[in-house]
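Novice: Sequence:
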Amino acid sequence: MQLMEEAAANGIVGGRFATIAQLIEATLAERKGKVIPMNIDGATAVVYAELGFAPPLCRGLFVLSRSVGILAHTWEQMQQGGRNKGPFPRDATWTYSGDRSSPAS
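If you read the sequence shown in the UniProt record's numbering, its first letter stands for residue 1, the second for the next number, and so on.
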C-alpha cells in the first residue's frame, strides 16, 4: 500500500480505494485484536479500482493473472517430473463409463 500512498500523494491516483482498504484493515485489527494483513486479492482490487478499471474487467484481469501463475507452477512441476495436483495414490484415477454421445443442438 506504500506505493499506492505515494501515487496518491503525487496525484497519479485518487487514493479513495486505498483509504477504504486501510480502514478495513484497521477495523479487522480492532475487532480481532491482531493485525490481519491484506492478501493479494485485496491489494490487486485496490490497484485496479484506483486505476479506474470497471469491476467486471477487474475480475477478468485477476483470473488471468492467477491463470498465468497456475500455468507457470504446473509447467515447473512437469519439468521436475511431478504433477501439479491429482488423485492420491496415483493409481486412484477414475474412468468415465457413461454415454459418449452428445445431445443434438
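Bear in mind the hints are in silico, worked out from the structure with no lab data behind them.
It is possible that part of the hints are untrue.
Cβ-Cβ distance ranges computed for the label pairs, FRET-style [unchecked claim]: (1) Trp75 with Leu23: 22 to 30 Å; (2) Thr95 with Ala29: 45 to 53 Å; (3) Cys58 with Lys32: 20 to 28 Å; (4) Leu23 with Gly82: 36 to 44 Å; (5) Ile70 with Gln22: 27 to 35 Å; (6) Leu3 with Gly98: 25 to 33 Å.
Cβ atoms here follow ideal geometry from the backbone N, Cα and C, with glycine treated the same way.
Novice: 25 to 33 Å was suggested as the range; check whether the CB atoms of leucine 3 and glycine 98 agree with it.
Specialist: violated, 52 Å
Novice: Just to be sure I understand the hint, the distance between the Cβ atoms of cysteine 58 and lysine 32 should be within 20 to 28 Å; is that true here?
Specialist: Since cysteine 58 and lysine 32 have Cβ atoms about 27 Å apart, the given range 20 to 28 Å holds.
Novice: Using the Cβ atoms, figure out if leucine 23 sits within 36 to 44 Å of glycine 82.
Specialist: holds, 43 Å
Novice: Does the Cβ distance between threonine 95 and alanine 29 fall inside 45 to 53 Å?
Specialist: holds, 51 Å
Novice: Quick one: are tryptophan 75 and leucine 23 within 22 to 30 Å, going by C-beta?
Specialist: Cβ of tryptophan 75 to Cβ of leucine 23: about 40 Å, so the range 22 to 30 Å is violated.
Novice: Given the hint of 27 to 35 Å, check if isoleucine 70 and glutamine 22 actually sit that far apart at their C-beta atoms.
Specialist: holds, 30 Å
Against the hints set out earlier in the document, violations occur for numbers 1 and 6.
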